[in-house]
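S.K.: This is what each chain is made of:
There are 2 protein chains.
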Amino acid sequence: MAPSELNCTHQNQHSSGYDGPRSRVTVVGSGNWGSVAAKLIATNTLKLPSFHDEVRMWVFEETLPSGEKLTDVINQTNENVKYLPGIKLGRNVVADPDLENAVKDANMLVFVTPHQFMEGICKRLEGKIQEGAQALSLIKGMEVKMEGPCMISSLISDLLGINCCVLMGANIANEIAVEKFSEATVGFRENRDIAEKWVQLFSTPYFMVSAVEDVEGVELCGTLKNIVAIAAGFVDGLEMGNNTKAAIMRIGLREMKAFSKLLFPSVKDTTFFESCGVADLITTCLGGRNRKVAEAFAKNGGKRSFDDLEAEMLRGQKLQGVSTAKEVYEVLGHRGWLELFPLFSTVHEISTGRLPPSAIVEYSEQKTIFSW
Amino acid sequence: MAPSELNCTHQNQHSSGYDGPRSRVTVVGSGNWGSVAAKLIATNTLKLPSFHDEVRMWVFEETLPSGEKLTDVINQTNENVKYLPGIKLGRNVVADPDLENAVKDANMLVFVTPHQFMEGICKRLEGKIQEGAQALSLIKGMEVKMEGPCMISSLISDLLGINCCVLMGANIANEIAVEKFSEATVGFRENRDIAEKWVQLFSTPYFMVSAVEDVEGVELCGTLKNIVAIAAGFVDGLEMGNNTKAAIMRIGLREMKAFSKLLFPSVKDTTFFESCGVADLITTCLGGRNRKVAEAFAKNGGKRSFDDLEAEMLRGQKLQGVSTAKEVYEVLGHRGWLELFPLFSTVHEISTGRLPPSAIVEYSEQKTIFSW
Ligand SMILES: O=C(CO)COP(=O)(O)O
Numbered sequence: 001m002a003p004s005e006l007n008c009t010h011q012n013q014h015s016s017g018y019d020g021p022r023s024r025v026t027v028v029g030s031g032n033w034g035s036v037a038a039k040l041i042a043t044n045t046l047k048l049p050s051f052h053d054e055v056r057m058w059v060f061e062e063t064l065p066s067g068e069k070l071t072d073v074i075n076q077t078n079e080n081v082k083y084l085p086g087i088k089l090g091r092n093v094v095a096d097p098d099l100e101n102a103v104k105d106a107n108m109l110v111f112v113t114p115h116q117f118m119e120g121i122c123k124r125l126e127g128k129i130q131e132g133a134q135a136l137s138l139i140k141g142m143e144v145k146m147e148g149p150c151m152i153s154s155l156i157s158d159l160l161g162i163n164c165c166v167l168m169g170a171n172i173a174n175e176i177a178v179e180k181f182s183e184a185t186v187g188f189r190e191n192r193d194i195a196e197k198w199v200q201l202f203s204t205p206y207f208m209v210s211a212v213e214d215v216e217g218v219e220l221c222g223t224l225k226n227i228v229a230i231a232a233g234f235v236d237g238l239e240m241g242n243n244t245k246a247a248i249m250r251i252g253l254r255e256m257k258a259f260s261k262l263l264f265p266s267v268k269d270t271t272f273f274e275s276c277g278v279a280d281l282i283t284t285c286l287g288g289r290n291r292k293v294a295e296a297f298a299k300n301g302g303k304r305s306f307d308d309l310e311a312e313m314l315r316g317q318k319l320q321g322v323s324t325a326k327e328v329y330e331v332l333g334h335r336g337w338l339e340l341f342p343l344f345s346t347v348h349e350i351s352t353g354r355l356p357p358s359a360i361v362e363y364s365e366q367k368t369i370f371s372w
Numbered sequence: 001m002a003p004s005e006l007n008c009t010h011q012n013q014h015s016s017g018y019d020g021p022r023s024r025v026t027v028v029g030s031g032n033w034g035s036v037a038a039k040l041i042a043t044n045t046l047k048l049p050s051f052h053d054e055v056r057m058w059v060f061e062e063t064l065p066s067g068e069k070l071t072d073v074i075n076q077t078n079e080n081v082k083y084l085p086g087i088k089l090g091r092n093v094v095a096d097p098d099l100e101n102a103v104k105d106a107n108m109l110v111f112v113t114p115h116q117f118m119e120g121i122c123k124r125l126e127g128k129i130q131e132g133a134q135a136l137s138l139i140k141g142m143e144v145k146m147e148g149p150c151m152i153s154s155l156i157s158d159l160l161g162i163n164c165c166v167l168m169g170a171n172i173a174n175e176i177a178v179e180k181f182s183e184a185t186v187g188f189r190e191n192r193d194i195a196e197k198w199v200q201l202f203s204t205p206y207f208m209v210s211a212v213e214d215v216e217g218v219e220l221c222g223t224l225k226n227i228v229a230i231a232a233g234f235v236d237g238l239e240m241g242n243n244t245k246a247a248i249m250r251i252g253l254r255e256m257k258a259f260s261k262l263l264f265p266s267v268k269d270t271t272f273f274e275s276c277g278v279a280d281l282i283t284t285c286l287g288g289r290n291r292k293v294a295e296a297f298a299k300n301g302g303k304r305s306f307d308d309l310e311a312e313m314l315r316g317q318k319l320q321g322v323s324t325a326k327e328v329y330e331v332l333g334h335r336g337w338l339e340l341f342p343l344f345s346t347v348h349e350i351s352t353g354r355l356p357p358s359a360i361v362e363y364s365e366q367k368t369i370f371s372w
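For the protein sequence lines, the chains are A and B, in the order given.
Take 1 as the starting number for the first sequence in the UniProt record's numbering and just add one per residue.
Take 1 as the starting number for the second sequence in the UniProt record's numbering and just add one per residue.
Hints may be right or wrong, so weigh each one.
As the list makes no split between identical chains, a pair holds if one copy fits it or if it spans any two.
[Said to hold, decoys possible] Capping the alpha-carbon separation at 25 Å, the derived lysine to any residue pairs in SDA-like fashion look like this:
id, residue 1, residue 2
1, K128, Q116
2, K299, V178
3, K47, L263
4, K299, E179
5, K268, A258
6, K299, Y206
7, K47, T204
8, K268, T352
9, K268, S210
10, K299, P205
11, K82, D98
12, K88, R189
13, K82, F60
14, K268, E213
15, K261, S210
16, K292, E239
17, K128, D98
It is worth saying that the hints were derived from the structure and are not from the lab.
The following block holds chain A by itself, in its conformation from the complex (with noise of 0.2 Å):
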C-alpha cells in the first residue's frame, strides 16, 4: 500500500463545527527525536480542529534486517521500529519515503533531521512547497563559523523563501516518547500568531511550549550549551564536587549570554530563564553525551584524545561540544574577544591538550569584564 491511498480514519470526526481552512502539517525527518515530535503533534492534530488530522513524515527510506522497507512497517506497525521502537506513533501518522511528495500539500513544516543533511534537503525543496508555508526547525547542531554562526533557521528561510522559527529545550526524545512531563521554547521572527500555532501543534499536558520573540536566542542557546556540557563533564573527572560544577554552569550560561548578544544584539536576556536556555544547559550538565565523554577525558589526565574516546564510548557518532568549541574559539580570536570567555576558551584550550583540565577552574587572575 503506497502511503498516499493510506486513508485516516480520524478525517473529518470533529465535531466542533470549525469551517476555517485546515492546516497540514508534515514532518521532514524520523529519528528519534523526529518520532517523537509526529507523535506530539499527532495527538494534537486530532483535537484540534484548525488542522488535518493526518500528519505526514518523511522518512529516509531504509532497507530493515529483515529485508522490509522501514517506510512500511512504520505504517503497517504505527511504530518507527528502528528509531523509536515500543512507542505508537498515533494512527494518523502516515511514513512517506518521496520527500517531494511528503511536502507538497503541506504548509506547515518541521525539520527534523541531521543538520549536515540541512543543506541538500532545502536544495530538493526549493520550488516544490505550498506558496506561504511555515516551517520549524527542531534541529540543534548548527554550525559557527568565522564570519558568525549558519543558523539553520536561516539556511531554511534563505533557501526556501519562507519564514521559519524554532523549538528548542530540554528535551531528551526517549523521556517525552514515555510522556515525561518537559518543556521546550518556541523562538520565532516578528509573527506571533505563526508562534502559537506551532506552540499549539506541541503542547500536551506533559509537554509544555511557550514562545519567544528571539529565534537567534533561542537557536543560539541549544548550540552554545554543548561547550559548557563539556567543562561540566571536566569537573565531574576531577571531581571537584557541586559547588564548582554549578558555578561552571553559570560561567558557562553567563558566556552563552554574552556571546549571543556580541553576535545579534537583538538576543533578549530572559530566553535564557526559559526552557532551552537554563533547562536545557541543567539537562544536557546532567545527562548527555559531551558531559560524559568530557568526564573520562578528564579521568585520564587528557592523555587519550577525544577523538579517541569518542570512538570507544560513541560508537561512531560524533560529539558536537568540541567542535564547537573550536568554531567559536576561531570566532573569540578572529574578533580579539578570547579574553572575554575564558570558560569557552579554557574549554577548546583544554579538548586540544594545550592546557591540563584542572585549567577549567584556574580563574584566579581573571576578572569578567563584560557587564550584564
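Could you slot chain B with the ligand onto chain A? The hints should help.
M.R.: Structure of chain B with the ligand alone, referenced to chain A:
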C-alpha cells in the same frame, strides 16, 4: 589563656607602607559555614594592609565530651573540632566566647548564625557596637511572614542601626573548606565602596566574589531556592529523569524571580544569573539536604511525614525548604497569588499531604499568567 590576651603573631608585619585606618573584622557565629568564612577572611586580612590581621570569631560556648571548652580547643589547635574538623582556620583567627567583647573593637561584623538566633543576638548587641560599623549577613534562612518576608539584613539594619550587605551563593561549606573552586555574590544597597570591601575580604583564587546592587534579590534567592530543592527531590524520588528535573528547576527559578519582584519591584533580573541565583539553585538541587529528604518523602509515596524523615536523616537539623514553602504559601494565599505560583504552592500541598508527590509535574491546566 583568655582570648583577649592572645597575641596575633602576624600583627605589624605588613611591608606595604600602608598607614591609613585599618578595619577590624569579627565573625559572629562559628558553625560549619561560619568557620569556613573565618578561614577565608583570615587569609585575606594577612595579605591586605587595610585590615588588621586578627579575625575575632564569636563562639557560642560549648563543653566538649572531653570536658574542654570549645573556644579553648579552637584557640589551641586552630581548628573548630566540632563543626569543621580537620581544617586549620589560620593562626590569626581568635575564638571568643564573649559576644560583647568579640564585637567591641570591630568595624566589620559578619553574621553567620542559625537565623532563629539573630533577633536575640541583635538585641544583646544594641548600643554595644562601634559607630559606623558595617554588617554582612551570610544567613540564608530568613523568615517569610504574612506581611511579607522578614529579611535578616533588615532585621540587623533596623535593630543595630547599621548598614547591612549580604553574601550568598553556591556555597556548600565543606567543599570551600578544602579549597574547591566556588563563587559567591555580595548584595548591597547603594554603597558600592563598602560592597567592594566585602568582596576583597572574601575573594581568593578558589572563591570568586562579585557584588550586585540588589540586597533583597540576593537574599531572597538564598531562601526561596530551598523550596525548589524540595520539588527537585520529589522528581528524583519519582525517578522522572533529567528533563523533568531540569524543567522543575527552571519553573522554580521563574517563580523565585516573579515572587521576589512582586515583593520588591527593585529586584533585578540579572541577580538570578549570579552565583546566588542559578548556581546556588543548581548545587542545592544536586546535593543539598532539602533535596535528599524530599527524595525520601516521594519514594515513600508521602506516607512518612517530613518531620519523621528529617529526624531520621538529619539528626536534629531542621530543613529550611518545608517551612519556607509554608510561609510563602501563607503570603500567596493572603495576597491572592496562589495561581501565579503553581510550583511553590504545590510543594506546600504535597509536603502537608494534601496532594501526592506526583502532583509536582501536573501543570496541565495551568498556564503561566505573569510574563518575564
Ligand atoms: O544552601 C545550601 C548550599 O548553598 C545548602 O542547602 P541544603 O540546606 O539543602 O543542604
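S.K.: Give a verdict on every hint.
M.R.: How the hints compare with the structure:
no.: 1; hint: K128 / Q116; in the structure: within (21 Å within a copy, 70 Å between copies)
no.: 2; hint: K299 / V178; in the structure: between (33 Å within a copy, 20 Å between copies)
no.: 3; hint: K47 / L263; in the structure: neither (41 Å within a copy, 40 Å between copies)
no.: 4; hint: K299 / E179; in the structure: between (34 Å within a copy, 20 Å between copies)
no.: 5; hint: K268 / A258; in the structure: both (10 Å within a copy, 17 Å between copies)
no.: 6; hint: K299 / Y206; in the structure: between (37 Å within a copy, 21 Å between copies)
no.: 7; hint: K47 / T204; in the structure: within (11 Å within a copy, 59 Å between copies)
no.: 8; hint: K268 / T352; in the structure: neither (32 Å within a copy, 39 Å between copies)
no.: 9; hint: K268 / S210; in the structure: both (15 Å within a copy, 23 Å between copies)
no.: 10; hint: K299 / P205; in the structure: between (41 Å within a copy, 23 Å between copies)
no.: 11; hint: K82 / D98; in the structure: within (19 Å within a copy, 72 Å between copies)
no.: 12; hint: K88 / R189; in the structure: neither (34 Å within a copy, 57 Å between copies)
no.: 13; hint: K82 / F60; in the structure: within (12 Å within a copy, 65 Å between copies)
no.: 14; hint: K268 / E213; in the structure: both (9 Å within a copy, 21 Å between copies)
no.: 15; hint: K261 / S210; in the structure: both (21 Å within a copy, 21 Å between copies)
no.: 16; hint: K292 / E239; in the structure: both (13 Å within a copy, 20 Å between copies)
no.: 17; hint: K128 / D98; in the structure: within (12 Å within a copy, 84 Å between copies)
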